[in-house]
Amino acid sequence: MKRSRSGLLIFIVILFGLALWVVWPNHEIRGRTGFALGLDLRGGSQLVYSANLSMKDPAQTDAQALEGVKQTIERRVNKYGVTEPIVQTMQNEQGGFILVQLPGVKDIDEALMLIGQVAELDFREQVLNATGNTTWVIAKAVGSNGTEKELTGKYLKPNATPVLNPNTNKIEIAFEWDAEGAVLFKQITTRNLNKPLGIFLDNELISAPTVQAVIEAKGVIEGDFSLDEANTLAIQLNSGALDVPLTIVERRDVGATLGADSLQKSLLAGIIGSALIILFMIIYYRVSGLVACLALVVYAVLTLALFRLIPVVLTLPGIAGFIVSVGMGVDGNVLVCERLKEELRRGSTLERGVEQSFRQSWSAIWDANVTVFIACAVLYWLGNTFGNFTVVGFAATLFIGVALSMFTQVVVTRSFMRTVVNSGLAKSPRAYGVSER
Amino acid sequence: MIDFVGKRRWFFLISAILIIIGIISLAVFGLKWGVDFSSGTAMTLQFEKEVELGQLRQQLADLGYDTATIQPAGEKEFFIRVQEISSDQYAQLKEGLELGLASNITDSSVFTVSPIIAAATVRNTAIAIVIASIGILLYISWAFRKMPKPFRWGTCAILALFHDLIIVIAIFSILGWAAGMEVDALFVTGVLAVAGVSVNNIVVVFDRIRENSKRGVSSDLEVVANCGIMESVGRSLNTGLATLFVIVALYLLGGVTIRNLILALLVGITTGIYSSLCIAGQLLVVWDKGEWGKLFSWLPSAKRPS
Numbered sequence: 192m193k194r195s196r197s198g199l200l201i202f203i204v205i206l207f208g209l210a211l212w213v214v215w216p217n218h219e220i221r222g223r224t225g226f227a228l229g230l231d232l233r234g235g236s237q238l239v240y241s242a243n244l245s246m247k248d249p250a251q252t253d254a255q256a257l258e259g260v261k262q263t264i265e266r267r268v269n270k271y272g273v274t275e276p277i278v279q280t281m282q283n284e285q286g287g288f289i290l291v292q293l294p295g296v297k298d299i300d301e302a303l304m305l306i307g308q309v310a311e312l313d314f315r316e317q318v319l320n321a322t323g324n325t326t327w328v329i330a331k332a333v334g335s336n337g338t339e340k341e342l343t344g345k346y347l348k349p350n351a352t353p354v355l356n357p358n359t360n361k362i363e364i365a366f367e368w369d370a371e372g373a374v375l376f377k378q379i380t381t382r383n384l385n386k387p388l389g390i391f392l393d394n395e396l397i398s399a400p401t402v403q404a405v406i407e408a409k410g411v412i413e414g415d416f417s418l419d420e421a422n423t424l425a426i427q428l429n430s431g432a433l434d435v436p437l438t439i440v441e442r443r444d445v446g447a448t449l450g451a452d453s454l455q456k457s458l459l460a461g462i463i464g465s466a467l468i469i470l471f472m473i474i475y476y477r478v479s480g481l482v483a484c485l486a487l488v489v490y491a492v493l494t495l496a497l498f499r500l501i502p503v504v505l506t507l508p509g510i511a512g513f514i515v516s517v518g519m520g521v522d523g524n525v526l527v528c529e530r531l532k533e534e535l536r537r538g539s540t541l542e543r544g545v546e547q548s549f550r551q552s553w554s555a556i557w558d559a560n561v562t563v564f565i566a567c568a569v570l571y572w573l574g575n576t577f578g579n580f581t582v583v584g585f586a587a588t589l590f591i592g593v594a595l596s597m598f599t600q601v602v603v604t605r606s607f608m609r610t611v612v613n614s615g616l617a618k619s620p621r622a623y624g625v626s627e628r
Numbered sequence: 005m006i007d008f009v010g011k012r013r014w015f016f017l018i019s020a021i022l023i024i025i026g027i028i029s030l031a032v033f034g035l036k037w038g039v040d041f042s043s044g045t046a047m048t049l050q051f052e053k054e055v056e057l058g059q060l061r062q063q064l065a066d067l068g069y070d071t072a073t074i075q076p077a078g079e080k081e082f083f084i085r086v087q088e089i090s091s092d093q094y095a096q097l098k099e100g101l102e103l104g105l106a107s108n109i110t111d112s113s114v115f116t117v118s119p120i121i122a123a124a125t126v127r128n129t130a131i132a133i134v135i136a137s138i139g140i141l142l143y144i145s146w147a148f149r150k151m152p153k154p155f156r157w158g159t160c161a162i163l164a165l166f167h168d169l170i171i172v173i174a175i176f177s178i179l180g181w182a183a184g185m186e187v188d189a190l191f192v193t194g195v196l197a198v199a200g201v202s203v204n205n206i207v208v209v210f211d212r213i214r215e216n217s218k219r220g221v222s223s224d225l226e227v228v229a230n231c232g233i234m235e236s237v238g239r240s241l242n243t244g245l246a247t248l249f250v251i252v253a254l255y256l257l258g259g260v261t262i263r264n265l266i267l268a269l270l271v272g273i274t275t276g277i278y279s280s281l282c283i284a285g286q287l288l289v290v291w292d293k294g295e296w297g298k299l300f301s302w303l304p305s306a307k308r309p310s
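Taken in order, these protein sequences are the chains called A and B.
First residue of the first sequence? That's 192 in our numbering, and the numbers climb one at a time after it.
First residue of the second sequence? That's 5 in our numbering, and the numbers climb one at a time after it.
Be aware that one or more of the hints could be misleading.
As the list claims (entries may be wrong) - If the Cβ cut is set under 10 Å, some of the chain B residues that face chain A in the computed set are:
#1 81
#2 85
#3 115
#4 136
#5 193
#6 203
#7 214
#8 217
#9 221
#10 242
#11 243
#12 249
#13 274
#14 293
#15 295
Calculated directly from the structure, the hints in this document are not laboratory data.
Ideal Cβ positions, reconstructed from N, Cα and C, are used throughout, including at glycine.
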């Protein structure tokens, strides 16, 4: 019995050491050196787009169309070079939405353009209509399988790049067709030799160069591009067009220093608050208060270590969840300390009092925490379903925090208390906050 | 020994007054919805030099934003809210302020939202609270299954929980018209947090009542409940106090961004202590004694039936 207890103590010390190592900054865990911070704490932009699902391909379900848009946006954002972007889809009865988080992006307007544009490229030829005017009609040709196909951006190889034309000193976008595209393009350029061929992006004419020769595999798009615009367009062409048009409905930019400021202020406040708790616990509950505080330190370090290992993305609501869980952790300890005082007042021996206080407060701790778990589970599930990620962050940290606080209650605080009692260092009930009568 | 249960009608009266005032305020004024729930553009601007509020207001009015809401958010920081504006308009606004106030803007956060998202958030939170409440109700009824009529314990816990939530929301409604307090997405998180803390408190007190009942303290639930509540007072006050240390520190020192959330917690934890000691167990007793019908005839001036 005695031996297994000291074994448990050693286990706790090792666990604490490992957790401290995980939390300690300056080394890399899961690809980063610090905590994973949400946009509200590190700065960056969050964009929410509403997808016009009425324009989707009828063969697709809403979810498939959204997923397609999401993948296209992911490709675009990755090529743009944002670190750790998040692209998520959400659906409710108001339609489909795409949430994009871009940490640390400075020029948000450019990013806005990059993500939201459909970027449907097509080539059109001029035809005479009944009234004698010329109109642009999407160029069609017979594909390799014998059916007629429209020449659009989907036959492009994903390697379009901006190039500088040395003759005109203008920036152009060089592109290459895949095998099918080449078959179509050859027929179209043959038929339109010495005629203009219109290049349209999202139904807007970009340029209408005259076809000088029959071309198969390669081409350039001329236009009045700045280098940035050409880069953006090249990324869009390489990522493919969006399946449905998007409109922006929410936009949140957090400045990097303002984000860091919130984090720093909250941390400082948390530290001062914790110091007050420790002071209060020690003054009021003496030895058991001190033990509870040690256990709370172990608890806080374990929780933070788990946040880093999973990793949990810390946001302001997430920190709120953590604070509430610390409050519940303190509560568990207060319950035990109060019980111990009661037991000692009733004349229990110290050893018996400690065992009794843990045993009797357990039902309250268990039931109270299970109800919190139920609430967390509902919030987590609903938050994910409805795409309310504020709520998800809160529920996740609260759940982890409360689960760990129960663990520290049962294992750490009890083990520490037994050690203190067995050591015989503090024997008088007064040391546990009981005033002798 | 303080007679917590015996004074129940006083507690119910206080709560009823608070809730009625709250409901009136909610019905008349509602909540002052922030950008998250209405639409518009909110920004936090950090200036290089010190800027006076009056100057800023004047400058914004000169730029055509005479209805802007302005709140100081720190030494050189301001929180400004205007109607929904585009990126270009925002850039012009920033430039106009930098010129007019002769101070560069060193950092800024902007938040623009269309109404389409906002409505869903509030409704989803309400759904979440209702579903969570049903779950909690079922669990408490199960956890107290060895008690007579366990379903009552769950119901009373949920009633006390709603009591706390209504008071928190009502106080924000009152602060809304009295002090211009806006309700934002973090407030919603705050309400959820209050629900968690509140249920936790109630269950701890119920657990104590259950224990006394098992021990056979008395056959009268009123005595049993009062013992349980009395024994929980120390714990409730100490835990509440300890948690409030952190909350008050966060309120005073934490950034203006989380102030709504923290204020909700501050109010919620305070009412949570009150309702767990003065409402939840008392509801059980009222139910046990079949006093529901007499509830409204219970004026404090009326003599307590002995």
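Please verify that hint: residue 295 (chain B), Cβ, nearest Cβ of chain A, below 10 Å or not. Because about 26 Å separates residue 295 (chain B) from the closest Cβ in chain A, which is outside the 10 Å limit, the hint is violated.
Cut-off 10 Å, beta-carbon criterion: hint that residue 193 (chain B) touches chain A: Residue 193 (chain B) check passes; min Cβ-Cβ to chain A is 4 Å, inside 10 Å.
Interface hint check: residue 293 (chain B), Cβ to nearest Cβ on chain A, cutoff 10 Å. Holds or violated? 25 Å, violated
Taking the least C-beta to C-beta distance, is residue 203 (chain B) closer than 10 Å to chain A? With a minimum Cβ separation of about 5 Å from chain A (threshold 10 Å), the hint on residue 203 (chain B) holds.
Does the CB of residue 221 (chain B) sit less than 10 Å away from some CB of chain A? This interface hint is violated because 14 Å lies over the 10 Å limit.
Restraint: residue 243 (chain B) near chain A, CB-CB cut 10 Å. Satisfied or not? Holds, about 4 Å.
Quick check on residue 81 (chain B) please, does its C-beta sit within 10 Å of some C-beta on chain A? Holds: closest Cβ of chain A sits about 8 Å from residue 81 (chain B), inside 10 Å.
Verify the interface restraint on residue 249 (chain B): the C-beta must sit less than 10 Å from at least one C-beta of chain A. At about 4 Å, which falls below the 10 Å cut-off, the nearest Cβ of chain A leaves the hint on residue 249 (chain B) intact, so it holds.
Minimum beta-carbon distance criterion (10 Å), residue 217 (chain B) to chain A: The hint is violated - residue 217 (chain B) has no Cβ within 10 Å of chain A, the shortest such distance being about 13 Å.
Could you check if residue 242 (chain B) really has its C-beta closer than 10 Å to a C-beta on chain A? With a minimum Cβ separation of about 5 Å from chain A (threshold 10 Å), the hint on residue 242 (chain B) holds.
The hint names residue 85 (chain B) as touching chain A; please verify it with the least Cβ-Cβ distance against 10 Å. 14 Å, violated
Identify whether the interface hint at residue 115 (chain B) stands, where standing means a beta carbon of chain A within less than 10 Å of its own. Holds - the Cβ of residue 115 (chain B) comes within 10 Å of chain A, reaching about 4 Å at its closest.
The structure fails to meet hints 2, 8, 9, 13, 14 and 15 from the earlier list, while all remaining hints are met.
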